[in-house]
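Engineer: The lines below spell out each chain.
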Amino acid sequence: MNQPQRFRWAEFTIEALIRVLGFSTIGFVLLIFLFLLREGLPTFFEVPLGNLFGTRWYPTFDLFGTLPLILGSALVTLTAIVIALPLGVATAVFVREVAPGWARELLKPMIEVLAGIPSVVLGFFGMTVIAPLVRQTLGAPTGLTAFTGALILAYMSLPTLISVAEDALDAVPKSYRDAGLAMGATQWQTIWRVVVPAARSGIVTAVMLGLGRAIGETMAVMMVTGNAARLPLTLDSLFRPVRTMTATIAAEMGEVAQGSVHYHALFAIGIILFLMTFLINLAAALTIFQKRRRGGLR
Amino acid sequence: MNRYLVQRAGFALLALAALVVVVPILLVIGTIVVRGMRAINWEFLTAMPRDGMKAGGILPAIVGTLLLSVGTALVAIPVGVGGAIYLSEYARDTWLTRAIRLAIINLAGIPSVVYGLFGLGLFVLFLHFGTSIVAGSLTLAIMTLPIIISTAEEALRSVPVEFRTVSASLGGTRWQGIRNIVLPQALPGIITGVILGLLRAAGETAPILFTVAAFYLPRLPRSPLDQTMALPYHLYVISTQVPGMPAQVQYGTALVLLALVLSMNVVATVIRSTFRRRRQW
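Quick mapping for you: the protein sequence lines, in order, are chains G and B.
Each number in my numbering comes from the position in the first sequence (counting from 1) with 1071 added on.
Each number in my numbering comes from the position in the second sequence (counting from 1) with 79 added on.
Honestly, I wouldn't trust all of these hints.
Claimed, not checked - Per label pair, the in silico range of CB-to-CB distance:
1) Thr1126(G) / Thr125(B): 46 to 54 Å
2) Gly131(B) / Thr1084(G): 39 to 47 Å
3) Val112(B) / Val1327(G): 48 to 56 Å
4) Glu1323(G) / Thr125(B): 46 to 54 Å
5) Tyr83(B) / Ser1272(G): 24 to 32 Å
What the hints assert, rightly or not - Just some of the chain G residues that point at chain B, by a computed CB distance under 8 Å:
6) Ile1097
7) Phe1099
8) Leu1102
9) Phe1132
10) Leu1138
11) Leu1142
12) Met1198
13) Val1327
Quick caveat, the hints were computed from the structure, so don't treat them as lab data.
Glycine is no exception: its CB is placed at the ideal position from the N, C-alpha and C atoms.
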């Protein structure tokens, strides 16, 4: 007996709502970009480009040169990745390929804990414990240097780097390992000549995601890098105070008048940051999508 | 047999790398726990700050962080879980779905301070919420969305397709199948994701800098449109902005924040592992 199907209003409403919620993330990204543009674009009319991409950031004297900030971010971030990459890949290989079960059960939660530690707490630890150490070992006037920031950032990007690299190693078929071993290679040789090269693109993705994470990190970096807006061009810049884009926004936004040139300039830095992380993440996402299409992830 | 020596040395090196990763984590937590414990007493947890925050307690910061987490949850849970249901149960593999995934990856990558700028521009100024718990919660909610959506989607997808087919074969509509079968099965995974998202929100400083955080406000917030102190911002303030701050108070605050976040982390891990052990499929 066929009952006449009633139209289910409640169900229709809920499914429509779910669709809207599904698309909401696109809306949020657009909204974020829109509001950054709305508050930041005026800078490009108020400040001559020569000034905006100049070498001096002294807002009180109407100097809005973002170059020292951009290079400051680049210096700290790249140094962090240089530290984190070997550590992260080695740890991922250890956890995935070598470690006995108990070590793996111990390591993975520890790395998750690291991911959960708030950045202010790491910044605070960096200020009170690591900076004095850096000062003593370098004999420098201050321990609040680009290097201190990079060290902390390296650890903050490790959880991302390790887990993505682990996934990449995980996706290498077992038959690759078997083939390597069957040819008489040691496990060590198999890992470095077969497994890691096969996981290369995933490891590149891991580095990019770690990079994206590191460049946007704010509090820890602001607390340990000393925040001097100078061009980090000399060789010893790594061991001098430096100032990043994120720290500049966080430190100065509280003090500017809404609608002032300085206010707009800080939003303009926000636009630069947004675009940088967007491009980095887009690149990482494309490699993931590509692999899915080739069916290489499994 | 030389290459086996190489392998031994290599493995030792890998283990060393893992140690270099793990030991500092233990050092950070150990230092903060040991030094922070000295500050923790009943007054520290339940009193208002006194003497320019150098004495008394940190109650308003604790309450502020809890209120912000609740506010974040109220917005982020429905939106995030709804979005995850869409992606897992309704979305087909079209360019639009790929655009959603790209948006999620992008949201996850936006620097926290940029969320702060956005919250300032949209919620505080454009919508006239002022620096308030509402503005801060909304900002934090959008920031936690990608975490909640991706973990919840994974939880939903891990429910076998057969569960849905059986529900449909019994005459259930798609939504009935989702509500009665899929969601309850995926619930522990979703809860884990929600907790992970919220603990990220509770520990963040940069997004609340310009949207809600009060430098010094020795009373509890009176309405959702009130400002509030918050633990992470308070730690930032007392470790960088106030000279002559006793280290004990700083470490105590760091410990309370760390304990809050890590205990939520443990809860999430426990839920996930018991669920994995119990499920029968």
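Engineer: Indicate, hint by hint, whether the structure satisfies it.
Structural biologist: Going through the hints against the structure:
1. The beta-carbon spacing between Thr1126(G) and Thr125(B), approximately 51 Å, falls within the hinted interval of 46 to 54 Å.
2. Evaluation of the 39 to 47 Å hint for Gly131(B) and Thr1084(G) yields a failure: the beta carbon distance comes to about 54 Å.
3. Restraint check, Val112(B) to Val1327(G): a C-beta distance of roughly 38 Å breaks the suggested window 48 to 56 Å.
4. Checking the proposed 46 to 54 Å range against Glu1323(G) and Thr125(B) shows it is violated: the Cβ atoms sit about 35 Å from each other.
5. For Tyr83(B) paired with Ser1272(G), a C-beta distance near 31 Å keeps the hint of 24 to 32 Å intact.
6. The restraint placing Ile1097(G) at the interface with chain B holds, with a minimum CB-CB distance near 4 Å, inside the 8 Å limit.
7. With a least beta-carbon distance of about 5 Å to chain B, the hint placing Phe1099(G) at the interface is held under the 8 Å criterion.
8. Look at Leu1102(G): its Cβ gets to within about 7 Å of chain B, closer than 8 Å, so that hint holds up.
9. The beta carbon of Phe1132(G) is not positioned within 8 Å of any beta carbon in chain B (closest approach about 23 Å), and the interface hint is therefore violated.
10. Hint status for Leu1138(G) relative to chain B: violated, with the closest Cβ pair at about 19 Å, above 8 Å.
11. Among the interface hints, the one on Leu1142(G) is violated; its C-beta lies about 17 Å from the nearest C-beta in chain B, farther than the 8 Å criterion.
12. Interface restraint check for Met1198(G): the shortest CB-CB distance to chain B comes to about 6 Å, inside 8 Å, so the restraint holds.
13. Restraint check, Val1327(G) versus chain B: the minimum CB separation of about 10 Å is more than 8 Å; hint violated.
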